[in-house]
Amino acid sequence: MEKIGEKVSKKTVKKRWPSYVWFPFIVACITIPLGFYLVNWSKQGVGAGLYSHQWVPDAIFAYWSPKEFYQSVDSVQGVFEGEQCITCHQGLAPGIVNDWKNSKHANPAEGKKTVYCNDCHGSDHQNLHMPTPDICATCHQQQHAQFMDEKRFGFPSHALAMERALDAGHFVDKPKAEVTACVQCHSVATKCDSCHSRHEFSAAEARRPEACITCHSGPPHPDDESYFASAHGKIYLAEGDTWDWSKPLKKGNYKVPTCAYCHMDNGKHQVANKSIWKFGIKQINPQTSSNEIKRNQWVNRCSECHEPNWSRQQLKTLDTERKLAWDKLNKAELLLRLLRSDKLLFPAAGNRPSYPNSYFDKIFPRERIGFFDGQASAFYNVSKIERDYFEMWYFDNLSAYKGAAHGDFMRVNISHLALDQKLIELQEQAIQIRRLSEQEKQANISPETDDFFNSGDYTDFNRENN
Amino acid sequence: MEKIGEKVSKKTVKKRWPSYVWFPFIVACITIPLGFYLVNWSKQGVGAGLYSHQWVPDAIFAYWSPKEFYQSVDSVQGVFEGEQCITCHQGLAPGIVNDWKNSKHANPAEGKKTVYCNDCHGSDHQNLHMPTPDICATCHQQQHAQFMDEKRFGFPSHALAMERALDAGHFVDKPKAEVTACVQCHSVATKCDSCHSRHEFSAAEARRPEACITCHSGPPHPDDESYFASAHGKIYLAEGDTWDWSKPLKKGNYKVPTCAYCHMDNGKHQVANKSIWKFGIKQINPQTSSNEIKRNQWVNRCSECHEPNWSRQQLKTLDTERKLAWDKLNKAELLLRLLRSDKLLFPAAGNRPSYPNSYFDKIFPRERIGFFDGQASAFYNVSKIERDYFEMWYFDNLSAYKGAAHGDFMRVNISHLALDQKLIELQEQAIQIRRLSEQEKQANISPETDDFFNSGDYTDFNRENN
Amino acid sequence: MEKIGEKVSKKTVKKRWPSYVWFPFIVACITIPLGFYLVNWSKQGVGAGLYSHQWVPDAIFAYWSPKEFYQSVDSVQGVFEGEQCITCHQGLAPGIVNDWKNSKHANPAEGKKTVYCNDCHGSDHQNLHMPTPDICATCHQQQHAQFMDEKRFGFPSHALAMERALDAGHFVDKPKAEVTACVQCHSVATKCDSCHSRHEFSAAEARRPEACITCHSGPPHPDDESYFASAHGKIYLAEGDTWDWSKPLKKGNYKVPTCAYCHMDNGKHQVANKSIWKFGIKQINPQTSSNEIKRNQWVNRCSECHEPNWSRQQLKTLDTERKLAWDKLNKAELLLRLLRSDKLLFPAAGNRPSYPNSYFDKIFPRERIGFFDGQASAFYNVSKIERDYFEMWYFDNLSAYKGAAHGDFMRVNISHLALDQKLIELQEQAIQIRRLSEQEKQANISPETDDFFNSGDYTDFNRENN
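Residue numbers (my numbering), protein chains in the order written: chain A, 734 to 1199; chain B, 734 to 1199; chain C, 734 to 1199.
In isolation and in its complexed conformation, chain A is listed as follows (with noise of 0.2 Å):
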């Protein structure tokens, strides 16, 4: 028996797995695959990214997202190249032929052959395509290359853009309205025209900050009005158009920068290694030593012109505006969290709809104060308060930021004044609030809860057609 058991046991140890490596392991064979199916089951929608089944492209989404949903229009039939294609086109759409001819494509470098419309579009006239970026890829490796490296540095990133956007549950809530306008910056990701305009595609074109405040504008992301506003942007302004624009973003080529030389480091296609602040929507810590990597990018770059101590002295500048940004938002925030502990927050966080998509959201439905509670879906049916905060930390804030890295110090005055506004505006809201609330108390009456956040339309039309 001994012997047996011996045997069975020495068996044991060498043949069975303890429980506490097999279970995880079996585990991990069917959550694994089936994650992976559930992602790709969730993509496979109608539309497109993890809520795909919950809303329906529009048209003009192919546009933007071309790999997604652009089909060619059924017109013409045949097979057509090259000057075929210009001889037709020249009458139907000179303007377009006419960028063609003034570009690159149309006259090469010696030694290169000619790039015609079907060499990016397609030549079957029934099955054209719109050009995606690994199409301009087969010839321009490196600069896809260097557009595709900045995935690594996470999002915000150009790469990113459009996937990260169609990921995110508010694609879903938002009005559709409002996802086209959103989509149509993010597909900087998915076309290179965004920045090159077609059909000359110019490299010239691109180095000029207008290529990029078609996007990098409105409060959240000032660039274009507090660039304008420095005097690098006033002095680009006044004499721009006389400068040699095919020469090179290097030292000594250029009076002033622009907007592609301080972030695209000698034109390199990748903005994100020297982004210290990202976007100035969270509070972030300047000076760990990965930042001092990025701060001493910057103190290069900036010395190219001005004596390093200058330089180094504007980004502390940077900093010290980034503090007081924070201490004001952190004092808003405070507020809004002691409403929030006395109950005192109308509607409630459990009397509006949950994020959508969120189940998280759903069993635990939070008051959305800030980036951490709230970020996209506090634009919509948050109490007032809410609300407000929403906008100072949203635009002044950034506004403020924009202006104090761009050197628009107007702006950071002015971004200051409204943070300021809004602190003694969500105060004196945060008063009122408590003042009805003690009035109300003692008289017995409670409030009537109002259906105008949960229910009806102004929940229902943010879903509607998606």
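No false leads were mixed into what you were given.
Intra- or inter-copy, both count: the list cannot distinguish identical chains.
Okay, derived cross-link-like pairs now, DSS-like style, lysine-lysine, Cα gap no bigger than 27 Å in a straight line:
hint, residue 1, residue 2
1, Lys834, Lys980
2, Lys834, Lys988
3, Lys800, Lys1001
4, Lys834, Lys984
5, Lys837, Lys988
6, Lys846, Lys988
7, Lys1064, Lys1049
8, Lys984, Lys1011
9, Lys1027, Lys1056
10, Lys980, Lys837
11, Lys800, Lys1049
Keep in mind that the hints were calculated from the coordinates and are not lab data.
Got chain A sorted already, so can you dock chains B and C onto it with the hints?
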């Protein structure tokens, strides 16, 4: 007796018209001429338009509506012509003489005669005039006829801009300083140098967006900002200075379109025949059969450079945006209407001055909620919640519209964020109004009526100098 | 006795000064030197200006007020001159050397000598300096004298910009990040490259509006937006790039005026002698005899292109606009004063920190209502209604003014819409404050005083690093 009776009745039948014929006829004979007489009388005051007896023009109006108000300055005596004018004014104001020297007027095509100062201003120096469109029409008949043709499309319209302003009730209501500002742009109807600036009167100049945006700017019609923020605008900004603006506005002549390229078919001086949404002020069905004709015109124009399918989708994107904006506006309007029916708007319609010159409003005072309930008068003397809705409708809504119409998608996003924010703000105000009133009811307090809106300076300064 | 008496009295008359003579004299002998000593002492701190003991300059200040703060960087040893400097810096910072090569300094008129780096920065590389206006004045005496002449017109003034900022109490009160932003523009007094950007120092550049609007922009002085929105500005934007900017700012040389054309008579470096309304900050009588002189100067300048009558009417239009704006502001101010006299402003003056460094404010705390009651300090620690009035006065009012002054009539309209909106908003707040207080009185509730404004971080962060 019978005979006589018969005779009489026969006579009556033959000769007397029944009262339902002659009575209205006589009334019409009196009222129609009386109406003409009254309208004529009402336009004979020292001001202009239907309320001409109720206001006095500022001296500066002489330059904006010269036919109505300009009087020659009594300076130099004598009759002067051609080079005589030039000789003297060369020394007095060399800048404008230089402009003339660069003009086609000074350098006419072969066989045409030079157009001198006196051809437009007159020769008798005691009796000079400012050139009005019909003076320009002496030579430029076709352009003038096209311009006047806009009238048949109704207002808004360049050709009707001045008369509609001068006939508007709130022209009298508004403070003079504001009316002056209005009239400056509305003078587009009464002088051609709004677009072709004096004294070069260049067609090339008027083809550039700057010619239009002196007026087409500001929150209610940010045509400038929305165009310049679009891909079209960015390319214009970066490269427009190098283009040949002497070319007509025809297919293939310009890399990107400008205002005039899209809105004036091949340079035709009439911009109303493609207007679908008008100014975005009212909710409109964009797919009536007459709008389908306009949509086709648009698609044709866009298709000079873009795929027709793309062009059609852009218009659909605009439809979607408009629907969403009006969903939000209607939601806000409902909030106000509910407050009104619960008698919670303060000041109520009866607590403030009636809309000026409106007898209807004197008898049936109305709250001013949105376009149909109040229009321009909504600017003054209203409660905060009515005013806030006005701002939502007049600024954020129109901004969203212009963004969608001109391809400025950032603006679409920002403006819809603002619409959402205003909706939350209005809802919060409605809640506060109800809570406060409920408490007052329970405590038997009736809030003091306040004379701030109904009398005193606020109302008076609107009218004092008019 | 009489004789002696007479003698004595005579003696007294002759030899003893009465106490009302010698007492003030002695007091003056003590206090005047003491005053000088104290002011001198107060300026000797590590900061600058009257409160120099209470703050520490940021390193970046070295570049903005170099005389006060710049210290040479201890890098290279040796004494260098002329081409030696160029040789080395050509490699280090080719951009700025290129600028110099394009300058008149590098290409002097015949008979004049080249101006090298060391002429402005010094030769000893261990002891370099930043060029201050008096260094530029070595050659450019006339321009410097004109510039300094502005001082006699009082503040606002370019020449006084830095010292008035550094002597202001709120310079100490404001967070460093904001002060830094202020000082950047105020450095116009302490370095000439605010307008003539380094190292080309071109007169042509400074004639263009871009030279001015790096500072003259933003809500409190939208000179840029109001000029560019005017007919003058639009023509400049469309055609300015083709003009010959080497021409002096004289009659007939430019198609439309720029900032410098109107504000600097024939290029004279003094812009204060035509200033009627100053910054629009105070209500001013525009028709005093001294203002009549200024008005004539304006009319003369405008009449270089326009009818003198037209020019005069434009100024009158500005008068009308100003009167209307102040009617609205005074109306708003009255609302606040009534709340104050009813003790309904919260926090009341005593509930918040006194204006920094003001002993008067410590003893007699004041509510901060408009310009005379508070000025800059109104930015912080005030109730919402006071703050909102500040915004109305500082942003909307000044925007209206700039619109009227520069011919941007759209801005006049929009800004007056904003003034109306704020007036309604303030009225609503006043009503709410009164209703809520009335209820609390009836219910015997006294609202908690809140420490938010009086102590803690909000106040502290304004001062922590100063």
